[in-house]
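Here is what each chain is made of, one letter per residue.
2 protein chains.
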Amino acid sequence: MSRRTGVAVPTIKFYVREGLLPAGELTSPNQASYGDAHERRLRLIRAMLGAGGLSLARIREVLAVVDDTATPVHKLLGEVAMTVAAPLVPPTGEAAEPSKRSRRRVAELAERRGWEVPPGHPDGDALALTLTEAERLGHEDFAGTLDAYADAAERVAEADLEYVGGRAAVDDVLESVVVGMVLGDAMFGSLRRIAQAEESRSRYEVRAE
Amino acid sequence: MSRRTGVAVPTIKFYVREGLLPAGELTSPNQASYGDAHERRLRLIRAMLGAGGLSLARIREVLAVVDDTATPVHKLLGEVAMTVAAPLVPPTGEAAEPSKRSRRRVAELAERRGWEVPPGHPDGDALALTLTEAERLGHEDFAGTLDAYADAAERVAEADLEYVGGRAAVDDVLESVVVGMVLGDAMFGSLRRIAQAEESRSRYEVRAE
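Top to bottom, those sequences are chains A and B.
Residue 28 in this note's numbering sits at position 28 of the first sequence; the count goes up by one each step and never skips.
Residue 121 in this note's numbering sits at position 121 of the second sequence; the count goes up by one each step and never skips.
Reference listing, derived: stretches of chain B covered by chain A, where coverage requires no fewer than 3 residues with Cβ under 8 Å from a Cβ of chain A:
(1) 141-151
(2) 184-197
Negatives, chain B to chain A, calculated, CB over 12 Å:
(3) Val16
(4) Glu25
(5) Asn30
(6) Asp68
(7) Arg104
In case anyone wonders, no lab produced these hints; they're calculated from the structure.
As the structure is a computational prediction, the values presented were derived from the model and not from experiment.
Glycine included, each C-beta is placed from N, C-alpha and C at the ideal position.
With the hints as extra help, turn the sequences into a complete structure.
Quick look at the structure:
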């Protein structure tokens, strides 16, 4: 498996010890055999570590959700998405409380979009916190971009679910959600910067040179 | 300034020592006075540390670009965007080389969009690497979502530049680029997860329960 995936043997052993990867079948005292499921799992771990930049602790959480087949599909999707999501690190020393104004803005956005974002919703709270940071920086107008961002988010979510929906088995569905969340974030980040450079070029190049 | 911003005095002193914040004017042996520019800079640092999750080293780089007024505006915009951008951490042990196929896909996308993404472009390379990771995971079809993501990225970039374009002074333009890049990423992340949950609910809820 080390040869097939390019991952060093001590690294594979480390993942097994850490409980991320099931142990292989011992074929001799110092030789273990690993099947397709192992290989797939190993590649998934590497993707989360690499492009996803997730910590080992977070990867363990994601895999626990993927391996738990007791809850309905859409709940699992939500949980995986939530677990993969980057944590919001509140700036130390400042109260990490969203302002009333930013909470209202999030509630109004949800209302306009027909989204269910009740108070206490982790992503709704994170969004309100981001808007509060913008306010603190004297950029409360940045909230004016909310609807354009929401349009874009809906376009991406549609493509993600279209992709996921093409899979038949629950295992495949979940794996593709993880791939989509992790790689999709990286993909969107690159595309956003390219699109900004293009937009910026067309707006400023003539004026500035 | 500590009272006005909620940032502890030792933390402010630390930023001054680290060269992130210019020293205030000494009004007595243990009392310094800080103006509006200081306060604005301090809030910007906190936003990059907090919602942005940037390291002190990266913040120093961003501020160096913002403070350098010798280059034309659109170049500065590009540099700030590049500096704020999260680095792609290639998985150790695997060759961090994009596949030919993923390079071709990026080139074709750029062609379709009329984007300038020559070989060696950092974001183009990062994008190709993400697609290569998807291939390694057996998800080469994930590249099928590229155009939907690119549509969304263009929508966001338009809103970002619209926001930035409303500013008159170069200093303000650059500051709003930093705010937009850092807070925009956080904002889009939250919105994407909310939109995915909505899309997932409408697709799976009935079937799964």
